[in-house]
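Whole structure, please, built from the sequences with the hints as guidance.
Each residue of the sequence shown is one higher than the one before, starting from 0 at the first, in numbering that gives the first Met the number 0.
Just so you know, these hints were derived from the structure itself, not from any lab. Heads up, a few of these hints could be off.
Derived DEER-like restraints, expressed as beta-carbon distance ranges [said to hold, decoys possible]:
1) V133 to N109: 12 to 22 angstroms
2) H123 to V36: 22 to 32 angstroms
3) R59 to E35: 28 to 38 angstroms
4) N109 to A75: 21 to 31 angstroms
Using N, Cα and C, we set each Cβ at its ideal position, and we do this for glycine too.
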Amino acid sequence: MIDTVKLRSPSIDEGTASYLERQCVLKQGIQLSTGEVLYELTSGNLEGSFDSRISFRVMREDWVSTNGRVQLVPCAPYVVVECSWHKFFYGQNVFGNPVNFQYLAGLVVNLLGEIMADDHEIFHDAAKWQVRRVDWAEMFRLFTPTEN
Numbered sequence: 000m001i002d003t004v005k006l007r008s009p010s011i012d013e014g015t016a017s018y019l020e021r022q023c024v025l026k027q028g029i030q031l032s033t034g035e036v037l038y039e040l041t042s043g044n045l046e047g048s049f050d051s052r053i054s055f056r057v058m059r060e061d062w063v064s065t066n067g068r069v070q071l072v073p074c075a076p077y078v079v080v081e082c083s084w085h086k087f088f089y090g091q092n093v094f095g096n097p098v099n100f101q102y103l104a105g106l107v108v109n110l111l112g113e114i115m116a117d118d119h120e121i122f123h124d125a126a127k128w129q130v131r132r133v134d135w136a137e138m139f140r141l142f143t144p145t146e147n
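Here it is in structure tokens:
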């Protein structure tokens, strides 16, 4: 089962980067009738695979390999998004499995654009985003259901 996914946007201009940083300290969507937190965006790191928030950060450095040595170097700004798709879409990651990886990547990127109220092109073309990490969890059936 796909658990946590980290995506990297294409480069963005400094004006867009500044705008996104100002929008992203902490945003929540709360269903007022129930008090349920529908989504939460944070500009920090996730605490672990149990964390159901969406990490959204503007970055200005990237890892580059130069002469066999990997180092962090300054670069044009870009966005890194990290979240558990299963928790984002289904509210849990105990059973089931999201399918169609490319479709879900596009849906996540487009929904972020709507949440951020940003009309920048990076939120309309998920095909230009890079997959930086996918955490995969194996699911096992520990018992066989009995028939009555």
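Hint check results:
no.	hint	verdict
1	V133 to N109: 12 to 22 angstroms	19 angstroms, holds
2	H123 to V36: 22 to 32 angstroms	26 angstroms, holds
3	R59 to E35: 28 to 38 angstroms	35 angstroms, holds
4	N109 to A75: 21 to 31 angstroms	23 angstroms, holds
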